[in-house]
Amino acid sequence: MTFWLTQIFNGVSYGAIVFLLAMGLSLIFGVMKVINVTHGTYFLVGAYFGLTTLKQTGNFFLAILIGGIAIAIMGIVIERVFLRRLQGNDLGQVLITMGFVLVLQDAILVIWGPDPVSMDAPKFLASTGRIGGFSFPMYRLFLIVFAAVTAAALWFFESRTKIGSSVRAAVDDVEMAGGMGVNVPVVFSLVFGLGSFLAGMSGVLAAPWLGIQAGLDFEILPFAFVAIIVGGMGSLKGAVVASLLVGIIDNLGKTFFPEFAYFTLFLPMAVILAIRPSGLFGRAM
Amino acid sequence: MIRKRIAFLVVPLAFALAALLAAGPALAAKGPIKIGLLTSKKGVLAKHGSDQMNALKVFREKFGDKVAGRDVKFFIEDNESKVALAVTRVRKLLTRDKVHIVMGGLFGSTGYAIAPLADRYKTPILIWSCPDDISKRKRKKYAVTYFSCSQPMHAFAHWVRTSMPNIKKVITIGPDYAFGYESTGGFQQVFEDMGGKVIQKMYMPINTVDYGPYIGKLKKDADALFITLAGAQALRLPKQLKEAGLANKYVILGNGTNTDEFVLDAQGDEVLGWISALIYSADIQTKDNQDFVKSFVKHAKKDPGYYAEGYYGGLVSIYKAIEEVKGNVEDKDKFFAALRNLKVATGMPAGPRASDGHGTFKMNVYVRMTMKDETGKKRNKVLAIIPNVSQFWNYKPDEFMKLPPYSRDYPPCKNCGN
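Read top to bottom, the protein sequences are chains A and B.
Each residue of the first sequence is one higher than the last, beginning at 1 in this note's numbering.
Each residue of the second sequence is one higher than the last, beginning at 1001 in this note's numbering.
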C-alpha cells in the first residue's frame, strides 16, 4: 500500500512540474500555432534568474516571481521583434526558436558560467513529511499544491474573464476572432508572455529538486511535448490530465520496467495518437 | 627565343621544387609537435570541460609550450558533450590538423567511440575517460586509456569488505551505459568474491530527472547503497534521496565521481559522510598535489577534481613520452610504444603511475569520505591509499579476460531474488 502511495505521489508531483511547463507550451501553440522549441531553455534561464534573485534577497517566493517575470519580458520581446515577422511561416518560426536555444545557451555560459548549481528551498519545504508509514518529501507536496492553484487560476482566467474569452476565441479561429473585434496582436503578446512566465516560473520551482545545469532544458522538454501532444494542443484540461498521466506512467514504467525507461513513456503516447490523432482533449484540425 | 627563356626558368624551378620535396620531411620534423585535445565546453559536461581547460592552463604555465627541444602546438576541439560529435572532431584533428597525438573523451562511451580512429589513422590516442575493454578485450594498436573504470572499484570493494565488515548486503545504483556497468560491475565482482551480497541492481538513464521511482523501490534490508553518478545526476540523486528521508538509513558508498570537486561546491550537506573511491582527491597531501591544487585554485577559484587532475596528468604523461623518444614523434610506433610503456614516478598530483603492459596503467586508488573541514568547506578526505592498483586487481590477467566484460547483465545478480 505504502509502495503504491509513494509511487503515485511521486508521479503526481513530477506531473506537476510537467504541467507548469507544458501549459505554457500548449497556450502558445494553441493560439499562435508556434512550436516554441525555446520553451525548455526559458525554463532553464528562468531558473538562473531565480537563483540570482534568491542569492540577492534570500526570498524563495520572490525568486519564483522574478524568474517568471524576467522570462515573460524576454518572451514578449522575442515574439514582438522576431516571431511576428514570420507569421504564417511555420518552418521559419521553428527555426528561429531553435536559434534562440543556441543563443540563450551560450548566454548562460557567459553570464552564469558552466558550473552546475543547486538551489535550496526554504527550510520548512526541504523536510520530510510523514503520515503513518508513508513518508514523503515536503517539497513535492508543495509543487502539487502550487500546480493545482495555478491550474485553477488559469481556468478562472480562461473561462471567467473577458481577456480569457478573447484567448479562447483566438485558439478557435484567429481570423474570425480578429474580425469580431479581438485585438489579435495584443492577445498574441499576452499569450506568449503568459506562456513564457509559466516556463520561467516552473524553472525556479524545479531548481531545488532537479538542480540547475546546462542541458537540463532538453532533458525536461520532451516530457512537456509528450504532455501537450497527448492532452491536445491548447487545451487546459488536456494539459492537466496528460501531465498527470505522463508523471504517473513515467513513474510506474521506471519502477516496473526500468530497462524500458523511455519506451514506457512513448508507448502510451503512440497508442493515444493512433486512436485520437489530435490528443485526448484536442480539436480536430 | 621565348621558348629558350622558358626553359631557362623552368629547369631551375624544377630543381628547386625537387629540392623542396626532398627536404620536406626534414622541414616537417622541425615544425611544432601537434597535440590534439578533445573537451566539452557546452552541454551537460560543460563544467567538466572548464575544469579541464583550467588544468591545461596550469600545465602550460608550468611546462611551457616546448618539450624535447621542439615547440608544441595545442589544437582544442569541443564535442559539446555529444558522443557522435566527438568522433567527427577527433577525425578532424587527425586528418586536417594532422596532430601527432590526441587526448580526450569525457564519457566512457566516448572512449569506445573514438578508440577505433587511433588505428584507422595510425596515430596514438590517449583515451582520457576509462572504457574498460579498450585495455582488455578490445585492444587497439594505437590507443591507451588513462585508467579503467572498474579499476578503482575493485580496490574499493576489497577495502569495504576488510574495513567495514558489517556491510554485507548492498544495493547498486548506476547510470545505464558503459561507465555505470563498469563501475558497478567492478565493485560487485570483488565484493561478492569476498563474501558480500548485492541484493538489488538498478540502472537508470543518464538524463533521469526524477529519481522518485527508483528511490521508492529500494529494498529495506540492505546495509549500504553503492552509487555511481555521472554529470548532473550528482546534483539530483543525493538531494532526492535525502528528501525521501533515506539519507541516514543506508551507508552510502560509491564512485568518486559522485562527489568530485567539479560538483562538490554545488552540492549541499546531503553528501556529507558519503564514502567513495577514485584515482584522485584534492585532499592528497603530497607536495606534487599541493602545488597543483594551489596553481589550479589560482585559475579556477575552486579545487581541482579528477577531471582536472586527469587532464593535467595526461599531458604530463604525453610530454614524458615525447622526451623519451627525444622529440621524434613522427616515428609513431616508437612514440606510441613510449607512451604505452610509460612510467611516471614524480610530478603527478595523483601519485606515481606505471604501465601495466596491457594498455593502461597501475596507480594509487584513494578511498575518500566527504566531510567539512574546520572552515566549513567540503572536502573528499582521504581515508586510505591503496597503492599500485592494477586494472585486473588480484586476478590473473589471462583468466580475467576470459570472463565476459562488465555489462548490464554481468556480473549477474545472483542474490537479487524477488
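I should point out that these hints are in silico values taken from the structure, not numbers from a laboratory.
Keep in mind it's a predicted model, so treat the numbers as computed, not measured.
Keep in mind that a hint or two might mislead.
[Stated by the list, open to error] Think about it this way: if two alpha-carbon atoms lie no more than 25 Å apart in a straight line, the pair counts; the simulated DSS-like pairs of lysine-lysine are:
(1) K1138(B) - K1082(B)
(2) K1377(B) - K1334(B)
(3) K1302(B) - K55(A)
(4) K1197(B) - K1219(B)
(5) K1378(B) - K55(A)
(6) K123(A) - K1378(B)
(7) K1396(B) - K55(A)
(8) K55(A) - K1301(B)
(9) K1326(B) - K123(A)
(10) K55(A) - K1377(B)
(11) K1098(B) - K1249(B)
(12) K123(A) - K1082(B)
(13) K1343(B) - K1396(B)
(14) K1092(B) - K1062(B)
(15) K55(A) - K123(A)
(16) K1372(B) - K1302(B)
(17) K1298(B) - K1062(B)
(18) K1301(B) - K1140(B)
(19) K1301(B) - K1372(B)
(20) K123(A) - K1249(B)
(21) K1168(B) - K1217(B)
(22) K1378(B) - K1362(B)
(23) K1242(B) - K1062(B)
(24) K1343(B) - K1332(B)
(25) K1073(B) - K123(A)
(26) K1073(B) - K1326(B)
(27) K1242(B) - K55(A)
(28) K1141(B) - K1034(B)
(29) K1140(B) - K1378(B)
(30) K1320(B) - K1334(B)
>> Can you confirm whether the C-alpha distance between K1302(B) and K55(A) stays at or below 25 Å?
In response: The given pair, whose Cα atoms are some 19 Å apart, holds under the 25 Å limit.
> Are K1343(B) and K1396(B) close enough, with their CA atoms no more than 25 Å apart?
Replying inline: holds (21 Å)
> Quick one, are K123(A) and K1249(B) close enough, alpha carbons at most 25 Å?
Replying inline: Given that 25 Å is the threshold and the Cα spacing comes to 21 Å, the pair holds.
>> Does K1219(B) sit within 25 Å of K1197(B), going by the straight-line distance between their CA atoms?
In response: Measuring from Cα to Cα gives roughly 13 Å; hence the hint holds.
> Within 25 Å, alpha carbon to alpha carbon, are K1301(B) and K1140(B)?
Replying inline: violated (38 Å)
>> Hint check: K1168(B) vs K1217(B), CA-CA at most 25 Å. Holds or violated?
In response: Given pair K1168(B), K1217(B) holds - Cα atoms ~19 Å apart, limit 25 Å.
> Taking only the CA atoms, is the gap from K1320(B) to K1334(B) under or equal to 25 Å?
Replying inline: holds (13 Å)
> Taking only the CA atoms, is the gap from K1372(B) to K1302(B) under or equal to 25 Å?
Replying inline: Status holds; Cα separation ~15 Å.
> Does K1140(B) pair with K1378(B) here, judged by a C-alpha cut-off of 25 Å?
Replying inline: Between K1140(B) and K1378(B) the Cα gap is close to 40 Å, so the pair fails against 25 Å, i.e. violated.
>> Would the hint linking K1298(B) and K1062(B) be met if the CA-CA limit is 25 Å?
In response: holds (13 Å)
> Does K1334(B) lie within 25 Å of K1377(B) when you go C-alpha to C-alpha?
Replying inline: Measuring from Cα to Cα gives roughly 46 Å; hence the hint is violated.
> Does K1098(B) pair with K1249(B) here, judged by a C-alpha cut-off of 25 Å?
Replying inline: violated (55 Å)
In this structure, the earlier hints numbered 2, 7, 9, 11, 12, 14, 18, 22, 23, 25, 29 are contradicted, and the remaining ones agree with it.
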